[in-house]
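Take the sequences, apply the hints, and build the full model.
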Amino acid sequence: MSSVPTAPLASPVDPSRVEEPPIAAPTSGLRESLHFALRNKKLVFGLSMTSALLLFALIGPWIAQHPPLAYGGHLSLAPTTKNGYWFGTTLLGQDVFSQFVTGLRLAFIVGALGGGIAAIIGMVIGFTAGYRSGFVDEALNMLTNVVLVIPTFALLLVIAAYLQVRGIMMEAVFIGITSWPWAARALRAQTFSLVSRDFVDMARLSGRSSRQIIFKEIAPNMSSYLFMMFILLFGGAILIAATLDFIGLGPSNTISLGMMMQLSVQNAALQLHLWWWFLPPGLAIMALVGSLYVMNVGLDEVFNPKLREL
Amino acid sequence: MGRYFLRKLVIYAATFVVAVTIDWAIPHLMPGNPVLTLVGRIQIRDPRVAQQLYHHYMRAFNLDLPLWKQYWYFWVALFHGDLGTSILEFPTPVTTIIVDAVPYTLALLVPAILLSWYAGNKFGALAARRPVLDNSLLPFGYTLTATPYMWLGILLVWVLAVTWHVFPVGFAYDPTAQRAFSWPFVSNLAYHWFLPFLSLFLVSFGGWAIGMRNMIIYELESDYAHYLEALGAPQRLIRKYAFRNAMLPQITGLALALGAIIGGALVTEIVFSYPGLGYQIYRAITNEDYFVIQGIFLFIIIGVLIANFIVDIVYLIVDPRTRIGMEGGR
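Chains as they are written, first to last, in the working numbering: chain A, 1 to 310; chain B, 1001 to 1330.
Just so you know, the hints here were simulated from the structure itself, not pulled from any lab data.
Every residue gets a Cβ at the ideal spot worked out from N, C-alpha and C, and that includes glycine.
There may be inaccurate statements among the hints.
Derived coverage of chain A by chain B (criterion: at least 3 residues anywhere in the stretch with Cβ under 8 Å from a Cβ of chain B; other residues may be distant) [what the hints assert, rightly or not]:
# : stretch
1 : 147-158
2 : 236-248
3 : 265-272
Listed below in structure tokens is the structure:
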């Protein structure tokens, strides 16, 4: 197992230093992993934090007392137990709690969808480029490099600015189709190091098709790697979406965590000390993305014995 | 060496062409007509005048020509440094807006990128496999790198500027300050520059520190490190070698992280009303000033390509294997 980057934006995988992935022992591996997983503090912490936030995002909108965009009579209310304004209200009298849980739900949707699309594209391109050498590899490499160099955030800005009506799904799709290159690059290097192994040669000799070899022989040997990659893409998508929403390119007709921050800054919430308006959204993103990253390190330690705490 | 650069140049050229094409194509692919929006904004009562104005703009922006000709003229204009005209500040060319804004963005970005990279690498290397330091750096680093750029900015403004009045809430300098190359004005600029710089620096610092820490741990587990250890080499020497090897992916990472940091700088500027590219793009988006958005996008592309090229050269200097591989092996 080779190094998985901790933060996709800051320290991407360098293909030149990919180590040979060990071949997992089929049956005892799972139990052993579980054994270490339950004892890994980072993994347990990250997983429970993520689950708690997910639960909150699922239940929150059910128990919220007011619709997220409705204007109530109480303006700039500090958090209170009365009227169900648990997180207070905005300058315009909207329920912050309701906005917060709606935004949290959207963050999970963007993360899962955007991260999922990016993972699928990364897998298709990475596996194909790594398995087939020659022209196909060269062409896919070129494509990866071009998308890698383009500042995709700026590209998203231009695309989103021209869309009159923006939806959360569209946002997730756009994030997905622009954030796959580092994953593709890492997977290509991984695939490359597996292709020359004996068991792959055996599969080839026995007449398996390329697709079968990739999905039945190669992919299972990096399933943990794929999972970790998805987690990082998930967290990355949430951060990108929050940044886009903050610039004013968020989905129409709903509210996201990034939009909450944008509106609070626009309405001088900082100068008016309406902290209950601008603190929760950023805190939620930080907690969610941070626990995903910590979970990722924990997983890395579970799957890679070399990294376990001494 | 020539082959290496040729390859890189082909990638950069392809990237540039793709980016310019996308930049040109998006307005044509999207529903809605920017000229209609423009004419609609001027609010003319007489429909005939509106009609004439519409045709005037269609001709002015070459929108009545066949598509391939429009595309060709887009490139011609680009090489003449013509990125169109701002709709919000009507006769001002987009290039002027960009040229005015760029110094502020660069003043934030360049120090933030370089210093956070340097400090993050140093701290990360220091913390790796040192339990006490590691246990404090790791949570701290993860918290920072998971923080949205704008939220850290919001936090800093709220605590340090609005509540404690230690720093100004925003802008590049006091509106009352005399614009001159003098100490009071320069210190005023620095005073306003510090908070946006700090928030950019901190978020990137977390990512670099964690990246380096993990790299060092991998390096310390590699064969050469164990071999040195078996030979009885001092820890300091082993760590030095590990650091040098761990450095290479961090240099590559620098090029790859550029896009994210630029995104961070754009939103940080918005929080601080700092008059750089981010602030301009925000204004353009809220006012549907499309030429400015497209122009800034192109400018960012060119900047990123140049930065990538610099990183390539640095990598070549730092890693002798690339040089030898290119000269001898090939």
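So is the stretch 236-248 of chain A in contact with chain B by the C-beta rule, three or more residues under 8 Å, or is the coverage claim wrong? holds (count 7)
Just to make sure I understand the rule, a stretch counts as covered if three or more of its residues have a C-beta closer than 8 Å to a C-beta of the chain. Does the stretch 265-272 of chain A meet that for chain B? Satisfied; 3 residues make the cut.
Three or more residues of the stretch 147-158 of chain A near chain B by CB distance under 8 Å? Our answer is that it holds, as 10 residues pass the Cβ test (under 8 Å) against chain B, meeting three.
In terms of the numbered hints stated before, the structure departs from none.
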